[in-house]
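Chemist: Add chain W to chain H, keeping to what the hints say.
Protein chains in written order, with the working numbering: chain H, 2 to 274; chain W, 17 to 303.
Don't read these hints as lab results, they were simulated from the structure.
Computed from a predicted structure; not experimentally measured.
Ideal Cβ placement from N, Cα and C applies to all residues, glycine included.
There's no promise every hint is true.
Claimed, not checked - Listed next, the stretches of chain W that the computed footprint assigns to chain H, with coverage defined by at least 3 CB atoms under 8 Å from CB atoms of chain H:
(1) 88-97
(2) 262-271
Said to hold, decoys possible - Residues on chain H that point at chain W, a partial pick, calculated with CB under 10 Å:
(3) Val42
(4) Leu61
(5) Gly62
(6) Arg63
(7) Val110
(8) Leu111
(9) Phe115
(10) Leu130
(11) Leu139
(12) Leu150
(13) Ser246
(14) Val247
What the hints assert, rightly or not - Partner residues aside, some chain H positions facing chain W, computed with beta carbon under 7 Å:
(15) Arg9
(16) Ala85
(17) Gly88
(18) Leu113
(19) Arg114
(20) Pro124
(21) Leu125
(22) Leu147
(23) Ile252
(24) Leu256
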Amino acid sequence: MSARSPGRFIGRIILYAAAFSAVFPVFWTLLNAFKNRVDIVTPTPLFFFTPTLDNFAYVLGRASVFEGLVNSILISGASVLIGAVLGLPAAYAIARYPNRWSHDIQFFVLSLRFLPPVAIAIPLMVIWLDFGLYDTRLSMTVTYTLLTLATIIWLSVPAFARVPKEVEEAARVDGYGPYAIFFLIALPIASRSLIGAVAFSFVLVWNEFLIALMLTTSDAKTLPIVASELTQLGRDVPWGVLNASVVLLSIPPLLFIGILSGMLNSAFKRKTS
Amino acid sequence: MKQKNTLPVVFLSPAIAILAVLALVPTVYAVIISFQNRELSRPDGSFIGLANYISLFSDRRFINAIGVSLTWEAVTVGMTLIIAIGLGILLFECASPRMRSAVCFLFLIPVILPRVSAAFVWKFAFHPLYGIITYPYKAITGQPLDLLSNPLTALGTVALVDVWQWGLFFAVIVLKLLETLPPQPFEAARLDHAKTWEIYAYVAIPMLKAPLISLAFVKMIESLRAFDLIYVMTRGGPGIATETLDMYAFSQGFIESGRISYASSMAVLMMVATSLAFTFLWKRVKS
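In isolation and in its complexed conformation, chain H is listed as follows:
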């Protein structure tokens, strides 16, 4: 903006340094995932080496990692699906049919985010033990539905509120009923922001750790738990394998980065115009 170039130059250097710090640790982990152990355990960090796929082969061949992957996909997928099916209509009702409880409902949904995860995990563990459902995919899915449902409602209310009222009015004049308006008009128009909300809730439960740690011991362990167990191995740490498992764990959330940054952009753009 200003013509004073030295300040601008320094500012850009700082920004490049920050961007570098955002990417480099991740890049370094990726690099290490392709190294043999001798290339990692070196006195000087190595940038050039003979890459190997052994780490990934080992990780994907391990039964525990494979089971964790399957559990993570099933549990996250099911809880996001239930959260979307129940949460999107609820968010629409809050956005379009405000009544005297709307504010309380929104505050209640938000207040679920205040609850410390330990405070939920400890009693849930006791409850699932009492029901005989401890360490099952079913109990994990139900528990995660609490997270996905609350998140999807919370993020979708503003998305539905941004749908122009005139469009819905016009549809009503054309003889559409309230349900048809939701499915045929509101849902498609708001779909981009809604996909962002659903993707966010997926990333949230995919990355979730504390609850999964307390509610699973063997059968229903999710991938973050399996990966963290690998990082706690003793002295002779298989560093390459560890880096590979971290890369595997991080790929699904990173796939959504485009959708999420698009959601961020649209959330702020609409406010100004």
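Modeler: For chain W alone, kept in the frame of chain H given last:
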């Protein structure tokens, strides 16, 4: 004019009913368990009244955990906001539109990473022998640098990872907020020969007060979920130097003695404290 519309009831009640059951049942359960002396190995406990709560207040580890948690909140929230506002202004002031969108995209990577991944990435980077961050120190002094095993630096080192994840992400939001501001106040201030920093300190930041307070609020809630980072990087150690409340509750309930009732009383206190604090703050922010 309108006939009775069933949509609000049909759309709202299942979601709200499920949320209410899933949230209220564990909460009530937590309170009940906290009045008992249940342990993992002994599922049938008896009621012992307030004994768990009373012994909490003479538990030095519990007092220590409160201190660690409060320090953690203050450090991570404060540093995140400082970094976010600083980088956000730099992005707004120095970067071309193309650079802005490229940097914003990269700034989102850390926060999307699973916490476990972020924790491991940095734990390895700080490894005293093979870490890339500690390498320059080792190369110059010949001594390994072990930040995570030093009680004085361990918490700060873990906090760095949290700020890395959230500070960069919030910088993107600060930039978007700055972009929504009307240009006239900036031009007026510039005509008055205000210096660049003065424009931000006295014009832009005060105009963004409300959204920045909301950001601080969101970060305070997120900072309560530091467990993953601490668990992977230090497990509360060295000693109890990085043992936050949730870490202590976890180790009491699971690792050490399996005293779920004792852990539950801690969880109930946390729940009450955070609910009170956040409801109070939320009402203040809204008004």
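Chemist: Each hint should be assessed against the structure and marked as holding or not.
Modeler: Do the hints match the structure? See the list:
| no. | hint | result |
| --- | --- | --- |
| 1 | 88-97 | violated (count 0) |
| 2 | 262-271 | holds (count 5) |
| 3 | Val42 | holds, 6 Å |
| 4 | Leu61 | violated, 17 Å |
| 5 | Gly62 | violated, 20 Å |
| 6 | Arg63 | violated, 17 Å |
| 7 | Val110 | holds, 7 Å |
| 8 | Leu111 | holds, 8 Å |
| 9 | Phe115 | holds, 5 Å |
| 10 | Leu130 | holds, 7 Å |
| 11 | Leu139 | violated, 14 Å |
| 12 | Leu150 | holds, 6 Å |
| 13 | Ser246 | holds, 9 Å |
| 14 | Val247 | holds, 5 Å |
| 15 | Arg9 | holds, 5 Å |
| 16 | Ala85 | violated, 11 Å |
| 17 | Gly88 | holds, 6 Å |
| 18 | Leu113 | holds, 6 Å |
| 19 | Arg114 | holds, 6 Å |
| 20 | Pro124 | holds, 4 Å |
| 21 | Leu125 | holds, 5 Å |
| 22 | Leu147 | holds, 4 Å |
| 23 | Ile252 | violated, 10 Å |
| 24 | Leu256 | violated, 10 Å |
The structure is inconsistent with the numbered hints 1, 4, 5, 6, 11, 16, 23 and 24, although it conforms to all the rest.
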